[in-house]
Amino acid sequence: MSLLKDYLKGGKFVITAEAGPPKGTSSEKLKRSANLYRGKAVAVNLTDNQRAIVKMSPVASASILLQGGVEPIMQLTCRDRNRLALQSELLGAYALGIRNVLALTGDHISSGDHPQAKPVFDLDSFTLISTIKKLNEGHDFNDHPLDGKTDYFIGGVINPCSANMELQLLRLEKKVKAGVQFIQTQAVYDVDIFHKFYKEAKKMNTYILAGILLLKSAKMARFLNAKVPGVRVPDHLIEILDRSYDPAEEGIKIVKDLIYSVAEFGDGVHLMSVGQEEKLARILKEVIEEKPGIYQPPED
Amino acid sequence: MIVSKLKPFEEIIEVLSMYENIFLMGCGECATAAHAGGEKEVMEMKKQLEKSGKKITGWVVPKETCHIPLVKKELRIHKEEIKDTEAILVMACGAGVQAVASATDIPVFTAVDTLFLGTIQRYGRFTEYCSMCGHCILNETAGICPVTRCPKGLLNGPCGGVLENGNCEVNPEMKCVWVEIYEKLKERGQLANFTKLREPRDFSKSSKPSKLFLKGL
Ligand code: SF4
Ligand code: SF4
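These protein sequence lines map, in sequence, to chains A and B.
Heads up: the first sequence at position 145 corresponds to 130 in my numbering, and the numbers run straight through without jumps.
One gets my numbering by counting positions in the second sequence from 1 and adding 19 to each.
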């Protein structure tokens, strides 16, 4: 059973967060993440060789998190595995108790620490989603029956604040057709734009969690605006960060405000940070204490 | 055309270190257009090798070097020069080099790196538009090939990384081909070709080595 799915189906506001698998065999970092998030986040994403940098596999990382009492959302990209490898990972992960998967195309190999490697992209995010749907139905990509099917809650990513919203809505429509059940979006800072997207998106049969990325400084906000597609930090937020004597603290406040704004209409939020899991856990704790009416954490 | 590029001369001289008497062979088609194995480049190679102490027994630029019967004919015509040749250096694509190697017992070496199937933008500028995938989808993609021109080869693009200005996240100075396809299809009222979920490629259709034997010829 997926707790994430239960929450969303039951109309309960969801907060998910993110943990980074270690570069190495040490599971200490993941155990620490599990301790931080247990009883606070509904589920936690484990990235898959994010930015094409070699890390512990998302199957193993998700499994360690699960042992630590936290429901994982296993991210899976099409960059490093062909359709055989993707399916066998999905079967194995399910057997280990993983119930949520987020299907991604994946960053290109050239951005990572093994730029000489062969990029795979045998499937793409859309056909990975439809493949997982097939595994849920009890057969593999080529319709061969499975001895034990999966029952994944299937997620995908969309960029709601892109300048070309029409294109993003078409992509969403296609992902829904392929079988996506929930969306975790790229970072959102402008709730009005997100709300516009959300209203259109909800006409399709899917749940939408607004991505919220913790800002550390005005410098980081400017960097995101310049370099990260579809991320637009509004000027007034940059100004607040610029003027603040403690921008890191201001960043936390911005995240909480965003959570409260999205909670007025949305399905939930997905919190992201650049290696600042302690801060995300603190935000979760404060939201739970400050606004028990909007978010009920899972049982510890 | 097949785009190829001359290897660094040091690499060429290194592989020829055991040989003194060398025969040179270029190609009158693609390698000429790519400036890697035309008459001009063959003459330049001859000069450089002679400067390095090699003896050039002869040279030829066949009309097309990837054509085995034609290469055999050239080898017969140049029989006398080839008699004392220890190695043949071919300045043509990999298909050409192997056509020569299959037509003679003399050791054959390549002077070029073969790069891609190129479209000529203008004189001396080549870009890759087709990677010969075995099942052409250009009719659905407004005549623009995502298999080749999207760095991820996506059939259901654009990816999440497409930049705000519509350019590609991998090559920011190039427009995302999927945005290009989307715009063209939209203009033509064919967005159904964009929203259609395209199945992954069938690689069994392009398993190596490929061959095509026409019937009745
Ligand atoms: S789809 Fe692209 S790679 Fe395949 S044959 Fe057509 S142009 Fe060439
Ligand atoms: S931005 Fe466009 S062209 Fe570049 S990798 Fe993504 S889909 Fe392909």
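Treat the hints as calculated values from the structure; they're not laboratory data.
Check each hint, because a few of them may be wrong.
[Claimed, not checked] If you anchor each label on the Cβ, the simulated ranges turn out as follows:
(1) B:S225 x A:P130: 40 to 46 Å
(2) A:D177 x B:K227: 49 to 55 Å
(3) B:G153 x A:E275: 34 to 40 Å
(4) B:N184 x A:D177: 21 to 27 Å
(5) A:E263 x B:Y148: 49 to 55 Å
(6) B:K227 x A:L69: 16 to 22 Å
[What the hints assert, rightly or not] Some but not every residue of chain A turned toward chain B, in silico, with C-beta under 10 Å:
(7) T112
(8) S147
(9) K264
Model, not experiment: these values are computed from the prediction.
Every residue, glycine too, gets a C-beta built ideally from N, C-alpha and C.
> Hint check: is the beta carbon of T112 of chain A less than 10 Å from a beta carbon of chain B?
Replying inline: 5 Å, holds
> Lying within 49 to 55 Å: is that true of the beta-carbon distance E263 of chain A to Y148 of chain B?
Replying inline: Cβ of E263 of chain A to Cβ of Y148 of chain B: about 50 Å, so the range 49 to 55 Å holds.
> CB of S225 of chain B to CB of P130 of chain A, is that within 40 to 46 Å?
Replying inline: Given about 28 Å between the Cβ atoms, the range is violated.
>> If I claimed the Cβ atoms of K227 of chain B and L69 of chain A lie 16 to 22 Å apart, would that claim hold in this structure?
In response: At 18 Å between Cβs, range holds.
>> Under 10 Å is the threshold here; is the Cβ of S147 of chain A close enough to any Cβ of chain B for the hint to stand?
In response: 7 Å, holds
> Taking the beta carbons of N184 of chain B and D177 of chain A, is their distance inside 21 to 27 Å?
Replying inline: 22 Å, holds
> Do the beta carbons of D177 of chain A and K227 of chain B sit within 49 to 55 Å of each other?
Replying inline: With a Cβ separation near 53 Å, D177 of chain A and K227 of chain B satisfy 49 to 55 Å, so the hint holds.
> Is it true that the C-beta distance of G153 of chain B to E275 of chain A lies inside 34 to 40 Å, as the hint says?
Replying inline: 59 Å, violated
>> A closest beta-carbon separation below 10 Å is what the hint needs, so does K264 of chain A meet it against chain B?
In response: Since chain B brings no Cβ nearer than about 25 Å to K264 of chain A, farther than 10 Å, the hint is violated.
In summary, the structure is inconsistent with hints 1, 3, 9 from the numbered list given earlier, while agreeing with the others.
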